[in-house]
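Participant: Please build the complex by placing chain B on the supplied structure of chain A, with the hints as guidance.
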Amino acid sequence: MKKNRLVFLLLLTLLGACENDDFCTEETTPRLIIGFYDAENPEEFKTAPLFIWAAQKDTIYQGVNVDSISLPLNTNSRETIYKFSHSQEVDQINFSYDSEDIFVSESCGFKVIFKNLTLESFTNTWIESIDINNALIENEKQVHVKIFH
Amino acid sequence: MSKYFISLCMALLSLTAVAQKEVMAKKDSVHYKKKYGLRLGADLSKLIIGATDKNFSGYELVADYRIQKNLYLAGEIGFVEKKSEEDNYNFTTKGSYITVGFNKNTFKNWLEMDNEIYYGARYGFSAFSQKLNNYTVYQEGTDVDGLKSAYFPPRTMDSNQTYSNLTAHWVSFVLGLKVETLSNLFLGASVNFSKLIGASEPNNFKNLYLPGFNKVYVTNSGVSFNYTLSYRIPLFKK
Numbered sequence: 121m122k123k124n125r126l127v128f129l130l131l132l133t134l135l136g137a138c139e140n141d142d143f144c145t146e147e148t149t150p151r152l153i154i155g156f157y158d159a160e161n162p163e164e165f166k167t168a169p170l171f172i173w174a175a176q177k178d179t180i181y182q183g184v185n186v187d188s189i190s191l192p193l194n195t196n197s198r199e200t201i202y203k204f205s206h207s208q209e210v211d212q213i214n215f216s217y218d219s220e221d222i223f224v225s226e227s228c229g230f231k232v233i234f235k236n237l238t239l240e241s242f243t244n245t246w247i248e249s250i251d252i253n254n255a256l257i258e259n260e261k262q263v264h265v266k267i268f269h
Numbered sequence: 007m008s009k010y011f012i013s014l015c016m017a018l019l020s021l022t023a024v025a026q027k028e029v030m031a032k033k034d035s036v037h038y039k040k041k042y043g044l045r046l047g048a049d050l051s052k053l054i055i056g057a058t059d060k061n062f063s064g065y066e067l068v069a070d071y072r073i074q075k076n077l078y079l080a081g082e083i084g085f086v087e088k089k090s091e092e093d094n095y096n097f098t099t100k101g102s103y104i105t106v107g108f109n110k111n112t113f114k115n116w117l118e119m120d121n122e123i124y125y126g127a128r129y130g131f132s133a134f135s136q137k138l139n140n141y142t143v144y145q146e147g148t149d150v151d152g153l154k155s156a157y158f159p160p161r162t163m164d165s166n167q168t169y170s171n172l173t174a175h176w177v178s179f180v181l182g183l184k185v186e187t188l189s190n191l192f193l194g195a196s197v198n199f200s201k202l203i204g205a206s207e208p209n210n211f212k213n214l215y216l217p218g219f220n221k222v223y224v225t226n227s228g229v230s231f232n233y234t235l236s237y238r239i240p241l242f243k244k
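Same order as they appear, the protein sequences are chains A and B.
For the first sequence, the working numbering begins at 121 and goes up steadily by one.
For the second sequence, the working numbering begins at 7 and goes up steadily by one.
Hints are not guaranteed to be accurate.
[To be verified] Here are the simulated SDA-like cross-link-like pairs (lysine to any residue), alpha carbons at most 20 Å apart as the crow flies: (1) B:Lys244 x B:Glu122; (2) A:Lys235 x B:Met163; (3) B:Lys212 x A:Val224.
[Unchecked claim] Facing chain A, according to a computed beta carbon distance under 7 Å, are these residues of chain B, among others: (4) Asn94; (5) Val143; (6) Tyr144; (7) Tyr157; (8) Phe158; (9) Pro160; (10) Phe211; (11) Leu214.
[To be verified] With the C-beta cut set under 8 Å, the calculated list includes, among others, these residues of chain A facing chain B: (12) Pro192; (13) Ile222; (14) Cys228; (15) Phe230.
To be clear, the hints were calculated from the coordinates, so they are not data collected in a lab.
All C-beta atoms in this analysis are idealised placements derived from N, C-alpha and C, irrespective of residue type, glycine included.
Looking at chain A on its own, in the form it has when it is part of the complex (with noise of 0.2 Å):
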């Protein structure tokens, strides 16, 4: 009986010790947040028909309709550029930053946080202008560029 309730102990304890900690949950590298904002309104949001893609890649958005998008940055690069078609009509923006890489956890491992973001447009096109909102990409909480058009 003493030898039973040991091994049932035992049994426990190693049910205890079984975690399920091979998923990666938390929040790894982020994305650049774009907003789309009037440019007569500032504060409003304005959808636009986009088109989108990395310079040399192909389109990643296409077609969508969204008052925000989320654009994944380039780890192995300082800079990642975009190309945003609104009705035929193309603006690149170059997005140039500093990486730093941090350990999340056992399952995720590391993610890459964006640092001093600084942007360069050509062939203003369909877009008015365009603002830094937040420099600093750690999560995807936040709006970090705003573009108004």
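Facilitator: Coordinates of chain B only, in the frame set by chain A:
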């Protein structure tokens, strides 16, 4: 009066009977003396795992000393070098450890047998280093199994960063058994359930494996086991 006398005699007789029983019992019982001594051994499992798993090498020496019939002072000392491979990073832990504590035998032996089913406790200490070999950053849309392809391939870093002079200490609850297979030669197995008390954490990394403690779970707990072969150097009998 005679009635009282008889009952008194009866009472006295019964007393002598009890007394006689005690004397008989004492004569009957043979006190089997237990061997006391220092028991030294090695963990076979670490040697076997080290021989078959290229990512692991280590050894562990165990010792205990009998201080009472069923109470032993016990300890382990060991060295481990282990490479842990996770999905998107891998690291090598290297270091030594020492544990001290006691084992309490709960097994009732027949005659001269000297087997044990025991529980015990340990305090453990380890000095080690963690080397982060390389890692690939985790990015949304980056599935490690290649199910979803990443828009940009995530960056891989050969970091080769070593975090040295780290220490950790913990307490463990031990369950185990030992069987005397030949005279003074014991085969044993035990499981340790450990709880980390404290550890120096590497900067921008984490102690996910500790020598002597094994994998560190989210709740700072760990499980380790050993299979030992040990020899008792008999010193005296009691």
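Participant: Can you give the numbers of the hints that this structure goes against, from lowest to highest?
Facilitator: Structure breaks no hint.
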